[in-house]
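Protein sequence lines, in the order shown, are assigned to chains A, B and C. Here the first sequence is numbered in this note's numbering, starting from 1 and rising by one per residue. Here the second sequence is numbered in this note's numbering, starting from 1 and rising by one per residue. Here the third sequence is numbered in this note's numbering, starting from 1 and rising by one per residue.
For the record, the hints were derived by calculation from the structure and aren't laboratory data. A portion of the hints provided could be inaccurate.
[Stated by the list, open to error] Distance condition first, Cα-Cα at most 16 Å in a straight line; then the derived EDC-like pairs of lysine to aspartate or glutamate:
1. B:Lys10 <-> A:Asp308
2. A:Lys329 <-> A:Asp308
3. B:Lys87 <-> B:Asp34
4. C:Lys139 <-> A:Asp503
[Stated by the list, open to error] Computed far set for chain C versus chain A, every beta-carbon distance over 10 Å:
5. Asp11
6. Asn57
7. Gln92
8. Ala94
Using N, Cα and C, we set each Cβ at its ideal position, and we do this for glycine too.
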Amino acid sequence: MGDLMYKYDQYDQAMVDARVAEFRDQVRRRLDGHLAEEAFRPLRLMNGLYLQLHAYMLRVAIPYGTLSSAQMRMLGHIADKYDRGYGHFTTRQNIQYNWIKLEEAPDILADLASVEMHAIQTSGNCIRNTTSDQYAGAAADELVDPRPYAELIRQWSTFHPEFSYLPRKFKMAVIASDTDRAAMRLHDIGIQIVRNAAGDLGAAFYVGGGMGRTPMIAPCINSFVPLDQFITYAEACLRVYNRHGRRDNKYKARIKILVHELGKDEYTRQVEAEFAHLLSQNIEPPLAELERIKAQFVDPPFETGLSDELDRSDPDFALWVDNNTVAHKAPGYAVAVISLKPVGAIPGDASADQIRVMADLAERYSFDELRVTHAQNIVLPHVRKADLYALWQVLDANGLATANLDQIGDIIACPGLDYCTLANARSIPVAQQISQRMAAKEQEIGELKLKISGCINACGHHHAGHIGILGVDRKGVENYQLLLGGSEGADCSLGQITGPGFDENGIVDAVERVTDRYLGERQPGERFLDTYRRIGMAPFKEAIYG
Amino acid sequence: MKILTGNDLKSGAVTWWTGVEWSLHVEDAVDVGDNADTVLAREQAARRVTGAYAIDAARDEAGIRPAHIKERIRALGPTVRPDLTLKPADPNAGQWVI
Amino acid sequence: MTQVQFRFRSDEPVADPGVTVDSFAGQTNAAAVRLEPGDEARDLLPHLDRLRLVEVNFPVFGDGRGYSSARILREAGYTGELRAVGEVLVDQIAYMRRCGFDAFAPEVPLDPADAEAAFSRYAEVYQPTTDGRAAIWAKRHG
Chain A
1 MGDLMYKYDQ YDQAMVDARV AEFRDQVRRR LDGHLAEEAF RPLRLMNGLY LQLHAYMLRV
61 AIPYGTLSSA QMRMLGHIAD KYDRGYGHFT TRQNIQYNWI KLEEAPDILA DLASVEMHAI
121 QTSGNCIRNT TSDQYAGAAA DELVDPRPYA ELIRQWSTFH PEFSYLPRKF KMAVIASDTD
181 RAAMRLHDIG IQIVRNAAGD LGAAFYVGGG MGRTPMIAPC INSFVPLDQF ITYAEACLRV
241 YNRHGRRDNK YKARIKILVH ELGKDEYTRQ VEAEFAHLLS QNIEPPLAEL ERIKAQFVDP
301 PFETGLSDEL DRSDPDFALW VDNNTVAHKA PGYAVAVISL KPVGAIPGDA SADQIRVMAD
361 LAERYSFDEL RVTHAQNIVL PHVRKADLYA LWQVLDANGL ATANLDQIGD IIACPGLDYC
421 TLANARSIPV AQQISQRMAA KEQEIGELKL KISGCINACG HHHAGHIGIL GVDRKGVENY
481 QLLLGGSEGA DCSLGQITGP GFDENGIVDA VERVTDRYLG ERQPGERFLD TYRRIGMAPF
541 KEAIYG
Chain B
1 MKILTGNDLK SGAVTWWTGV EWSLHVEDAV DVGDNADTVL AREQAARRVT GAYAIDAARD
61 EAGIRPAHIK ERIRALGPTV RPDLTLKPAD PNAGQWVI
Chain C
1 MTQVQFRFRS DEPVADPGVT VDSFAGQTNA AAVRLEPGDE ARDLLPHLDR LRLVEVNFPV
61 FGDGRGYSSA RILREAGYTG ELRAVGEVLV DQIAYMRRCG FDAFAPEVPL DPADAEAAFS
121 RYAEVYQPTT DGRAAIWAKR HG
C-alpha cells in the first residue's frame, strides 16, 4: 500500500481473509438452500451486499476515505471484471457497484482483500465505515491527522461481538479541525480531536446526530475524553444504545431518538455510569497501539524551498486552481479536488478508465494517495503547485477537470429511484437538469451546496444542503420538496421546507428563482447561505410561489 | 392484473413470472390472479427467484405496464443510463417509465 | 425446553428451567433464571452466588440486547452457565461465545459442521471481552 497510510499486519490481513472464506461459505449455503433469504439477508448486508432495484449492489468500505493508487486501480479492475465498467462514490466515502452477481461476490471480496480492502459492515445494524476529513494530513487548519483515531475505531468496531445486532445502523465520523468537512455533528457519534488547556489531546464526543426522517444535530456529551480512555467511552455510548435504543419501530430506532427521548443529560449520565464500570474491564488499547498506527500516517517527504507561484496564463486552468484547490500545510503544495460532477453528469459516478487515470495521477503527483469526499468527489491530497498544470491537463483530457467545487453544479445526489429500492423518486435526473440549467450562472453564484435525496432516508443529505431537495411519491407521481438554509459544517443547521412541492421541471425552475433572488439580495462577500440567514425564508418564498 | 417480479438468485437480474418460468422481459408476465402467494412461496423455496413480490399492472397497446414507476424502472433499467437498459437502441425508452 | 446442542462446560447441567426475573427475586431457592431482551441483567447481580444457570432468550435473532446482558453478567463475575436460547443461528454463535455464552440451545438445531466452522473461524480478535482471548493489540504489544 501507499507508504503514508495504514498498512495491514498479519493480524489485519488474516481477519479480512477469514471474512472472505466466511462469506464464501455463507453464499454457498444460500445457493444450496441451507440458508433462507431471511437469515442470509443480514449476513450479506454486513458484507455490504444489497438486493437493489436491478441487481445485487456491493458497497466497498473505504476507511476514512483514504486510498492508495493500487487500491484505486483495484476498484477500476472490479468495475470492469465484475460490473459494467463504472462505480459510484457515495456520501459515506465508499464506492458502490450496481450490477453484481451473488455467485461472484466472494471473488470480489478476495480481490479486495489482496489490496487490504473489504466490504465489512458497510450495511446492517452495526457500526459502519468510519468517515473523516478528506483533507486529513494535508489541511493547513488541522490540529492533528484524525485518521489514526478513525483506524483505531475501525479495528475496535470490526466484528464487535456485542454491537453487531444494534437497534439500527450506526455511523461514526472523526475530525481534528474546527472547520468541519465531514458533517461530524450529523453522525450517530461524531468525534473531534481537541487539545485542552493543559496541552493534552483528547476526544470531544457528539452523540445523537443524524439526518433521515428525523434530522438532529448531535449535542456534545463530553468535551474531553482522554486518549487512553476513548475506546472505552465509545463502548459505553454503544452499550447504553444497544440496551435501551428503541426496537419497536425502525423509524425510531436510531440513537438520536434515544438521546432525544431520554434527554441529553440523562443519556450522558447513563453513559458515564457505564463508562465508570467499563474502566475496570481493561478494554482500552494501550497508547502504544495508537502510536503504532500514528507512525504509519506520516507526512510525505515534502520538498522544501518550493515556490507558491503559478503560471495562470491559461484561464481555464486558473479558474480550476481558484475553485478546486485548497490550502496545504506545506509551502509549495496544494490539495487538488477532482470533481465527479461534470455538467449534466451523474454525481459520483466514475468509469473504470477514469478510476485508473486518477490512480495513475495519484502515483505520479500525490505520493500515491487519494481521498474520497462525502460530497462524492476525489482528492489528490499532496500536489506540488508546480505540477498542477500538468495534472490539470490530464484531468481535462479525461472529463475530470470541471471547476465547480462547492458550487451549485457540485451536487450531492443519492442514486434515487434509478437504482434504489427504497427511493420514492429519481434524484439523478433532477441533478442533471439543475447542473445544466445553472451552468452559465455557476461562477457568478459562487459557493452554494445543493443536495438531493430520493427519499426520506436522506442519503443525499438534503437536510444539510444550502439548497436541499427531497423526492417524494405523491399518488404514484414523483414530487420534489425544496429546502433552504441547511449546512453540514461547523455552523451546522437543518434546512427548512419552502412550501408545496414541484414536479421535475418545476423544481428546476424553483431553484433558479431562488438563486436569482439571492443574486438580487446579496451584499458584498455574502455566500447564498449568509444571505439566507440574514433575510430569512420570506423573500425566497415570494420568489418561488409569487 | 396482478403480475410477479423478483430477482434471479444467482445473477440478481430482474425477472417476471411467465406462468412457467422467470423472464427478463415484463411483456412476458402473466396475470396470476389470486395465486400470487402460492407461486411466490413455491418459487422462492425452489430458489429460482429471490425478493419476489406481486404488483398491479395493466395491459395496453405497448404491452404490460406496471402500475407504479418503481417497477417500470425495474422493467426497463436505469433511466439515466440508457445504454444499460433493456432497450439501449431506443433513446426515448426512458419516457415509458414516466 | 429446547435441547442444549453445544456446551463448553464440564459441570453437571442444571435440570430446572429458568424462572422469570420477577419470580426469581421472590424464590430464594431458584438457581436458574431466564432473561428476556428487555430484562435488566443488573437486577441479578446481588444474587450471583446462588445462580447456576442464566438462559438468555433471543426471540428474534436481530434483537441484540442479549449480547449486552451476557457481557454484563460475566463482567460482574458470574461463572455459572450462560445459555443462549431461542432464535440462535449459526452465524451468531461466534459473537455469542465472545460475549460469554458457554451453552447453546437453538430452537432449530444447527448443522454441526457449520457450527464448528463458525466457532473456529476467526483465529484472532480485535476486542478483549471476558472470554479470555487476548485482543490483537495485546499481542502486538505483548
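Hint-by-hint comparison with the structure:
For the proposed pair B:Lys10 and A:Asp308, the alpha carbon gap of about 55 Å is over 16 Å, so the pair is violated. Under the criterion of a C-alpha separation no larger than 16 Å, the hint pairing A:Lys329 with A:Asp308 is consistent with the structure, at around 12 Å. With a CA separation close to 32 Å, the supplied pair B:Lys87 and B:Asp34 exceeds the 16 Å bound. A C-alpha spacing of about 60 Å is found between C:Lys139 and A:Asp503, which places the hinted pair above 16 Å, so the restraint is violated.
Non-interface status of C:Asp11 relative to chain A is upheld: no Cβ of that chain comes within 10 Å, the nearest being about 24 Å off. The beta carbon of C:Asn57 sits about 14 Å from the closest Cβ of chain A, which is more than 10 Å, so the claim that it is off the interface holds. Separation of C:Gln92 from chain A is inadequate, the least Cβ-Cβ distance of about 8 Å not exceeding the 10 Å criterion. Once the 10 Å rule is applied to beta carbons, C:Ala94 is inconsistent with being away from chain A; the minimum gap is 8 Å.
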